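In case you want the letters, here they are:
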Amino acid sequence: MQRPVYLDSATTTALDPEVLEVMRPYFFEWYGSPTHEYGHTFGLKAREALERSREEIARSIGANPEEVIFTSGGTESNNLAIRGPALADRDKQHLITSKIEHTSVLNVIKSLERTGFRASYLNVDGEGFIDLEQLKNEINKETLLVSVQHANQEIGTIQDIEEIGEICEDRGVLFHVDAVQSFTKIPIDVKKMNINLLSISSHKVHGPKGVGALYVREGVKLSPLIEGGYNEFGLRSGTENIPGIVGFAKAIEIINKGQLEHMRRLRDYLMKSLLGIPDSRLNGPVGDKRLCNNVNIAFRFVEGESVLLHLDIRGIIVTTGSACFSRTLEPSHVILALGLKHEDAHGSMRFSLSKYNTLEEMDYTIKNVKDVIEQLRVISPVGR
Amino acid sequence: MELSFYERMYSPKLLELFKNPKNVGEMPDADVKVTEGSLACGDMITIFLKIDEKIKRIDNIKFLSYGCAANIATTSMMTELVKGKTLEEAKKITFKEIADALGGLPPVKMHCAVLSIDGLRSAIRKYEEERGLIEVPELDESFIRSRLRHVMNPKIGRDIVSTGMVEEMRILDGKVEIDLCIPKNNEFRNYIVEEIHERLEKLPNVKELKINFKDD
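The listed protein sequences correspond, in order, to chains A and B. Going by our numbering, the letters in the first sequence line up with residues 19 to 402, in that order. Going by our numbering, the letters in the second sequence line up with residues 82 to 297, in that order.
A few of these clues could be false.
[Said to hold, decoys possible] Only pairs whose alpha carbons sit at most 30 Å apart, straight line, appear in this in silico DSSO-like list of lysine-lysine:
| # | chain 1 | residue 1 | chain 2 | residue 2 |
| --- | --- | --- | --- | --- |
| 1 | B | K283 | B | K256 |
| 2 | A | K290 | B | K100 |
| 3 | A | K359 | B | K173 |
No lab work stands behind these hints, which were simulated from the structure alone. These numbers come from a predicted model, not from an experiment.
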């Protein structure tokens, strides 16, 4: 293999060269700040680009353009989606989320808990689907917001967002969806799914880093987290990242069904072959309920950081749910929430794909994963 | 050529032993075999010793490892350092000597060197107890503190006793109660608590363990 086999696309992806081309003029020629009510002619090109991009992104999720706010990425979108309503409505002090959310949701909610909010963390079943009955029981008249991700970052479980949206709509609570992993991979219609707030990010879909967006349904009240010159309808001040935003819109425009089908084929091939390794088990569901680019497998009797390092030496880039790989030395909260043991998390490896991966890369990966697991099991005190 | 991530994190010696560990495998005729650490912690080693009974010398040592690269390499290095040493000489080897022999360890991985030393010392202790060479120690504060010196604060790579995290403790009829002072914003708080349980609950004379947080 010439270049590294990059299987960490759930974390971030390469910029598509076509995207870079449309961004370029906004760095060098039309670098002005977008002209709004006040401004100059030089900023008009930026203004046009901003609004065109906003329309493109709104169209991709079934929203109106004025309901889309550009941010610095998924993390900021999640912060604004949860903190924004919490700061705007002091009467309701209860939040609901699931145990397997991204840290940019969980840590915002934990931080609000320290300021007096109450929070409920929904359980998930063995494949990562949230308990809808528990959700119905947890909603009460104090509940301000329910935040549930569309697809999981580690195990690819796709939640039934339409069903959850209906429950939230019935009970009159705000519904926020973190769609950072699913955006452009699964169709999203914010109206049909009764979504009030939706987070998306550019760099997961071959757009530039540092750009994301938050859909805010008309009428939903938010307090801004970043104040200043009233950009983005007063909800997110700061000069807009025009090249980034233009790139984000272009990245979405060039995605097609063929790419998704390509990833799905590689996913199923990789999954089937790796599950041929003895004492391995799939984390998350199979088929259409699983994200088209996610494979997550637990290999018993080995520790993930050792697997990761051996694969890194061989030019294969993956991640693991092992405690050794986390900043807090704790195993993956997602794997534990499935009801699995710590050692299942330590031995879990995630392979996440992009449109750039090839069948040849999958074969190289399969061969090397088999070798590495075998090598580590020879020296393991367990499973002998 | 740019250094890879693992070459920045680990010394060349450590990486070499990770790729090709020494003294690895089982020893069917071992005089003593112990397992230290646990699957749950993601760090577990098994140590086998062959000991010359007359002169109390480690003639052969082997290990098995379930753990990260640092776990494999530190244990491999430990086996190299103790092979051929008497039990008394082997007991004196410290985790720092292992880290030094590897050309250094990141603070967050210092606990791996500690685990390899713990495995070695447990094996020697088991051998000595089985042959009636020593008595099982009494459960008192200095004994508990000596065990807690094996729990690392990963933030700085030093143990929790010398860094003042262990405040008071009460010991009565096998019940141990420890007052800990770990700042709430220390991201390793849960890890440290689990490590303490791991170290103390396995001791034969500890029946119950309770940990209190002084800053709560």
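Evaluated hints:
Using a Cα cut-off of 30 Å, the hinted pair B:K283 and B:K256 holds, with the two alpha carbons roughly 13 Å apart. For the proposed pair A:K290 and B:K100, the alpha carbon gap of about 28 Å is at most 30 Å, so the pair holds. Restraint check for A:K359 and B:K173: the C-alpha separation of about 36 Å exceeds 30 Å, so the hint is violated.
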